[in-house]
Amino acid sequence: MTRLALLERLKEVQQMPRYAGRDITTISAVLSNEALAKHVGVCEEAAGVTPMFARRAGKEAEQAHPDRV
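The opening position of the sequence shown corresponds to residue 1 in the UniProt record's numbering, with each subsequent residue numbered one higher.
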């Protein structure tokens with residue numbers, strides 16, 4: 001996943017009630033892409049949403065086997 005896609009996802013998570021009044025995006029300026037991906041995943045889990053990598057894998061499986069959905 002590109003850095004831009006990770007930052008967009010982090011912005012979406014930032015808007016969730018779990019992070020109201022908290023800044024989870026500023027740290028992204030100093031994180032590597034790998035660390036940013038982990039940060040996004042942890043924040044998504046804490047917010048109670050399906051982490052992006054699991055969701056992405058599910059979509060890829062859906063596209064590969066549309067008859068199984």
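Hint data in this document are derived by calculation from the structure and do not stem from the laboratory.
Every value quoted in this text rests on a predicted model; they were computed, and no experiment measured them.
Hints may contain errors.
As the list claims (entries may be wrong) - Straight line, CA to CA, 20 Å or less: simulated EDC-like cross-link-like pairs of lysine to aspartate or glutamate:
#, residue 1, residue 2
1, K38, E12
2, K11, E45
3, K38, E8
Now the hints, each set against the structure:
no. : hint       : verdict
1   : K38 to E12 : holds (16 Å)
2   : K11 to E45 : holds (15 Å)
3   : K38 to E8  : holds (14 Å)
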